[in-house]
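Chains as they are written, first to last, in the numbering used here: chain A, 115 to 574; chain B, 627 to 1192.
Among these hints, one or two may not hold up.
Calculated pairs, DSBU-like style, for lysine-lysine (alpha carbon to alpha carbon, straight line, at most 30 Å) [stated by the list, open to error]:
#, chain 1, residue 1, chain 2, residue 2
1, A, K116, B, K1019
2, A, K116, B, K787
3, A, K116, B, K742
4, A, K411, A, K480
5, B, K1021, A, K116
6, A, K480, B, K742
7, A, K263, B, K727
8, B, K759, A, K116
9, A, K273, A, K116
10, B, K727, B, K1019
Quick caveat, the hints were computed from the structure, so don't treat them as lab data.
As the structure is a prediction and not an experimental result, all values here were calculated from the model.
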Amino acid sequence: MKRIMQRSYLILIVSIAFFLGVCFLAFRVVTENSTWVQQPYNGHMSSSGGLAQAGSITDRDGTVLAYTDASGVRRYSDDYMTRLALLHVVGDNSLNISTAVQSTYRTELTNYSFIWGLGMPSSLKSSKSLTLTVDAAASTAAYEALGSKKGACVVYNYKTGELLCSTSNLSYDPENPPEITEENEEEYDGVYLDNAISSTFTPGSIFKIVTAASAIDHIPDIYDQTFYCDGEYEIEGSKITCEESHGELSFDEAFSHSCNVAFAQIAQQLGRENLTETAEKLGFNQALYLGDIPLTKSSFDVSKAGDNELAWAGIGQYEDLSNPMHMAILCASIASSGEAVKPYEIKDNESILKKIGLTQNGGNIKMLSVSTSDKVKDLMRNAANYYYNVRGLDLAGLDFCAKTGTAEIGKDKEPNAWFVGFTEDDEHPYAFAAVVAEGGYGISAAASVVQAAISALVYG
Amino acid sequence: MDFQVFLDIATVALRMLLPVYAVFIIYQCFASMRRHRRPEKPLVTLEIKHTGQKIPVLFWENSIGRSRGSDIVIADSTVSRDHCVLLRRAEGWFVSDIGSKSGTFINGKETLVREKVLIDDEITVGTTTMVLKRGDEYNERLRPSWFFSKASDKGSLQPYKLMILITLFHVFMAVEACFSNEVQDLTPLIVAGILETVMWIFFVISSYAFNRVNFELEALGLFLSGIGVMLLVRQELRSAFVQLIAMTIGLILFSFLVKFIENPDRVNSWRMAIMIGAIGLLGINIIFGRVQNGAANWINIGGISVQPSEFVKIAFIFVGAAALDRLQTKRNFIEFIIFSAVCVGALALMGDFGTALIFFATFLLIAFMRSGDFKTVILAVAAAVFAGIMVLKFKPYVANRFAAWGHVWENAQGSAYQQARTLTYTASGGLFGVGTGNGYMKYIFASESDLVFGLVAEELGVIIAFAIAIAIVALAFYSRAITTRSRSTFYSISACCAAGLMVIQTALNVFGATDILPLTGVTLPFISAGGSSIISCWGLLAFIKAADERTYAQKRIQRRAKEDER
């Protein structure tokens, strides 16, 4: 029987293996419970999308953006335009907009904790309200400026990291969400995506910021070079064109005139490796966050590009894609000596996010060296002066540095318009990015959106 | 404070009480398993004639031989490695030769079959002669095993008190269900009333008709089965009654089996009949099987669905185990291997791969406990992996389950529908649950059987769900601890393997539903709804009960306890 006893250790091993499995399950329950709970089918959350007991959401000035009324119905801002402008930030009853506050912080709003589960009687439940960093008026102004065009606009304070303005179109009214069927799904294509953080667009000329930064780092005599532009430049039988022939240009002038011919040549001088290295330092192909919410990655990949395609990539065409929030972060890094403050959108985020221990917040993202960023800043300041002087662009009277972009996205389509940059003002330190899909030329379409937002922030 | 708030606070307080209470009950069940143990003293002593050395005989069945793994080691080169077995039965002590080279002699006469020995008889193996002496001839102290070491220090709960605790627990569940969110009526209390009546009748019969002092294993089984019944009340009342009836049948089967295997030798003569019966049952299943969810493991007899494979589990353990002197014979082992292959094959043919996997894993446990041979085990695993690959090739719906494995949230509305619901509602329950009858898991298909872990976690809380899983592991620990205290290797092997089977089944159920393993669709022992399943669980518990030497010796222990008091 002794032998049987010894062999029964096998059963002990099986039992211990099972026990370890139970421990693993317990670990998963403890770490992943909030994801598990937040499913659209969860019966415990069915009324008002489980928000019947949720706290209210207000903007930075205390304007109510969402609340639950006495009868347990979830209501949104009183102003129709504000509801549309901040739909993607606040969210609706559904969990369709996965990056919205009501989706990502639903467990906080309803005060869900794994200890008590969802079975608490309503009389004993408490809720938690959230204050956002965004300004409802500025977001609404930007949304109105976007008009019916698809696009997005973000503005954030590059000294504190507070997201001040964020809006995205296509949008809908959360009080009256559309029923999307097979017939109208084309019309509502991408409506659940927050274009400010979850979409990427072809960057066009704003990518010249990256190419310029790379040139400053990797081409020692870049400031001594001159470029000649006669309106077109041929590589391997394909033409890169400018709207006009710029004639003879310095590096500085090439940037402010946004000369494609010059920058195509610079991209060729840089080569794939240098340009990729700078792009990745500046956040392309990298995981970036708004608070806890991951941004859709901007992409830059020239590993399979020919010489001609490399030149196109250097002026923000080819397969380049940019995320608007990422572009604002990139500008913030240039504004603050190469290091961007990470953006966030929940005002009392210190306490709440630290408590759940999931925060990505705090700290800076190092993108450029101090000297490079200062040089890029000078380039962008010159460009801004050029826009100001030539096109009369004004951002609430603040000094600013900026770059426009006009990205070709196909033969029959209007180009995407971009406007990215930052203000140089201690009281109003704003990094911004706006994109208007099929909006035409950057300066007219996208800049007016930023203009509206910043005016609202400064005067509002 | 208005009345509603007061009521809500009371509900929440009750909810918080239940887990604490459940953990206490499970602890008490296991604590009392260590009670009423015979002190660690030799049963008899063997004295080697020419040296005068005394060897304590500790077990009911002892192998004698030259090999170091023997219970009684004789350092004599003329003795075979495994020479003979000295075993105790109700009629006295016996010696049985197990194919030794030089033979075994009692008082100079060679034994060919199992032969009785009396005190002062001489047993000769090789050139060594031993004299059988009484146990108290050996006067050195023995080191007790850890499991029993402190057994007498603390008195644990009296069985009837344990029963009262369990009754209260079920009643609390019923009260919760009476005040459930959707329906408020007193049916849960009626069901609880019937349940408790059945439980107490069983308790009374066990303690007065069978004179059994110990009731902790039955108590644990009743506690778990009762939870299963009470969970069904607000899900489907009819199933709750079916479950109650099945539990009662299970209790009868349990009592019958404990009695039936009382004599480990008589059991052996039934072995072939049970094997043929089990194969016949599976055969009927294959021919008349009804396909349900891709597996044809059901047969319909007069309106009642039965899952024959559940009953075959009992036969399987039965055929696999044997007394020590029969364990060594090749024929016995080969019969078992053939029987296992037929069972696993038949289940695979029906498409019930979850149960086939349980049978196969149990086969490995039994094979290893009998032979101690790792090579056999590894070979069998290799064969199984090969078979598994074939299954995936020819039964694509099994492969689909694998495809969803680990990708629950991408497939939450498709192939991982059930696992996603289980995880969501597990997290929704929190530590203390949402209360019996208040869950949403109960609307999900198979939530009362394959996904019952989610149902328990949601309604009773994660603490109770985990406590149940741990209780089944503890059953395996207990079975293992009493291995050498069993009256025969038949019991120790069957108990360990029955407990092992339950652990494996629990693992497949719990981890399958929660996406740690692929979902195989097996039941959680005692908890899951399903008549055949619960009957078979009680059948398996009978093996563990029988392995406890106290089960068949109650009167003597009672008498001794009374003497001690005096």
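**Request:** Of all the hints given earlier, name the ones this structure violates by number, lowest first.
**Result:** 1, 2, 5, 6, 7, 9 and 10
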